[in-house]
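Fit chains B and C to the known structure of chain A by using the hints.
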Amino acid sequence: MSESATFRGLNNILYKNSFLKAGIIIISFFIGVILVTFVYLPSNPYASVGPDFAPPSYSFPFGTTNIGQNILSQWMVGTGSTLSVGLIAAVVSMVFGVMFGISAAFVKHMDEPLMRSADVILTLPTLPLMIVLAAFLKPTEDLIAIIIGILSWPATARVIRSTSLSIKSQPYIEVALMSGVPKRAIMFKDVFFHTLPIALTYSIFSIIGAILTIASLNFLGLGNLSYITWGSMIALANDSSAIYLGAWWWIIIPGLSIILLSTGFAFIAYGLETKWRSI
Amino acid sequence: MIEKNNLYNSTYLMQVKDLTISYAQLRNTKRAVNRVTFELKYGEILGIIGESGAGKSTIGLAILGMIKKPNEITGQILVEGEDVTKMTPNELEAYRWTKVSMVFQTAMNSLNPVATVGTSFIRLLLDKRLAKSVTEARQLAVKFLRIVNLPLPGVVLTMYPHEMSGGMKQRLALAMAISALPKILIADEPTTALDTINQLVILELIKEIKEQKKVESVILISHDLAVHAFLDDRVLVMYKGSIVERGTRKDVFSLDAPHHPYTSNLINSSVLDSTDRNVITKEIPDARKTDNGCPFSDLCPEAMEKCFTNEPQEVPISDTHSIKCFLYG
Amino acid sequence: MATRAMGNYSHQERITSFFHSISSRYTKRYLIKRLSNTVIIFFVVLVINFIIPHLMPGNFAITYALQIVREHPGASFGVVYHRILNLFGLNHPIYIQFLDYMRAVISIHPNFGPSFQFYPTNAWVVVEMAAKWTLLLLGTSQIIAWGVGILVGIYMAQRKDKFFDKVFQPVFYALNTIPTFWLGLIFILIFAITLKVLPPAGAYGLTPTIPSIIEHMILPLSVLIILSLPSHALIIRGAALEVLSSDFITAATAEGLKQGTLYKIIFKNSLLPSLTQLFLSIGYLIGGVMTLEYTFSYPGMGTVIASAVLSEDYPVLQAALYIAALVVLLSNLSADLLYPLIDPRVSYE
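Residue numbers (the working numbering), protein chains in the order written: chain A, 1 to 279; chain B, 1 to 329; chain C, 1 to 349.
For reference, chain A alone in the conformation it holds in the complex (with noise of 0.2 Å):
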């Protein structure tokens, strides 16, 4: 009975959703390539394998870099290293979002001071003060994607908590207060079940955040360039002056990639939030 009803349901979400349905393909070519690198990659992406600065061949599909290294590979390196920093942010916002969000509408004296501290994080410049905290204490790619993780909180605790707002004040959940059932337990149960999907939509939006203001302090030189990821691909093609030697691949490729893992998550996220919206 209850595979079946979780199968409609699912079934319910996918029907007509073409953007889900092209989100999920997308984000799974990309699992899919992280897969791969665990059993096999074309050569080292670190070792210089062949000429300096060639084209896409039937040899190099990607080209190499200006030391001969094998784009490719570190193509696929790429993806894993992007994909995990990206989901770490994620976790760690929905986290600290659904627990600040749940708290907020939940406990009085917790609301005002939290969704102060929201305005404040919210109105910083993100990437300005990210950068003034890498260049300083040079943390590592983790810790980066940490850090973005806390500061992305405030976007799903605003919508976790309007979302439990109004299922505090259900007929339901009243009765289930006044029989003395403990406030925690109601939040838990009931509430934070809800909430989940909500928060699930809104941390894919922060990872695309994430994504890309990692691969934007790659860009500018900070985090652990040795740590290969997109961002930091385009660094070094940038910092080989590869546009104007005419090395292209180097540069559209990973960029590319960013885009389209990132449109990826979009689209999954827009896809599920017209679904909740339309329930």
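None of these hints come from the bench; they were simulated from the model.
Ideal Cβ placement from N, Cα and C applies to all residues, glycine included.
None of the hints are false.
For each label pair, taking beta carbons as the anchor points, the in silico distance ranges come out as:
1) A:Asn44 - C:Ser307: 26 to 36 Å
2) A:Met99 - C:Leu135: 30 to 40 Å
3) A:Val49 - C:Leu330: 50 to 60 Å
Below, chains B and C without anything else, positioned relative to chain A:
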């Protein structure tokens, strides 16, 4: 150009013939108005009674030519001979408000929230060419505000809609609706969401406006029987998109005249000391109802076999009164 | 408005009543709340700016002095070290340091210390010069993007689900994901290197003449507009859709108002949420502008920051963060002050 329709009968201000309006929804289309035919005479107040979903507001919008894709409309609406359903957008623009105007439900916020009431009113007057300059429009607006008894009209014009009470907004809407001196004023639930005193004020105003010839005729749409009993000359009772009974105020509201079972129901529910409480609708809708039968057949206590399969015709009870029910013919 | 009714009033009275009609839109509570918000956030940024050097491993005076000596081999470490020590009062307890810091920073020319690259020039001077160029790019691009965005957004809303809307919605969502710096590189590749029609770098050629400045602005401006217009248009589309389905638009249509008048009404009602979007996006855009400037070697804050990162010029980074925060705060404050003028309901919150 609009030619005078050959069905045009000049004794009537408006003729509605065979009007059918369907709303397109997600899975199916819903018939809001089903082959409705009626006339509006010069100088009369015509009431349309019905519960929500009966199709009465839809008719009001249709008269203003506001039914558009994906909703469909067939039939004719002749206002002084011109068919509203065939008008071009430009013709509609000129026709709206000058021939027919509407006062919307109080619950609706029918005023632009980011402009002062004065700006909205003056804009309206200038657009409809009722005044040639801002100063002239202002004076005209003040004049109409006085007609609806709004105090300190000059001050009112500087207010924003959210600064006004419901009763004030409704009177203002009425003032704006009559400012072009239309032939027909449609009042759609003018008293809903107003308190009792304001309700009376509005109704008195409508009556006065008609008597002073600011408008020629009024179509009053409401689910509130008291409103109709107070103002109407003639009444149409609608149920699920069809007219089930029509007559003069006396015909429809008198307790000893024959009625459509739905009308009896309505009247008995609102009259306090009614002795006849026998006419109650069935609690569980009768599943025998089909789309070809009478729309009321699933709830009607007097339903007969043929009610489920055939649609009744309108049977004249007197010169002015007719009922659409197999009980009478 | 009420002022229209006034006929034969003196100039003076007209001006006073104009100011009154504006100031009457604000409630004291609203103004206090918004201003205090701004001050708080400003304070937070200053605190962050203060704390960060102290979070670096070790005594940052040593780090700073080492950096300066590395950049300027001629300087003597000892002298520089003591200068830094005194400048930042590092031998005083932390709360005194903080007070000194606040005093140094809250002024017309905040003092974050000397720039390492351009020692002993003050970091603030370096950043201040660059800020003008950044604001030029930011301001011009947003005015154009927002102006056109409103028209496009309302256009899409009025033709919902028709061809233009159906095609451009996903296109706009995709455009939002393009990294600014990357598009900058692509544009340089196409227009400056392959087609050779526009300059690839700098704010001006040999001399800062206006035509030269404009020519150098075209590429970075185009990138910024292409990347910010979609989100503006989408937000406005959403706002316009809500307006179009509202009761008062039904009423206005029923009144048979002219198309032009209806459009004006829709426009003004969609203005508020879109203005919100414009000002909120500046915080996000600043990052994009900066990376873009680096790509074009445009002498704005982006390039300054990038070279500061490269040479670990910490005071310049602090000064840059300060300015960025200031710009964002001021734009938010202007937004807060503008809203009640457009939507009279806002100041009553």
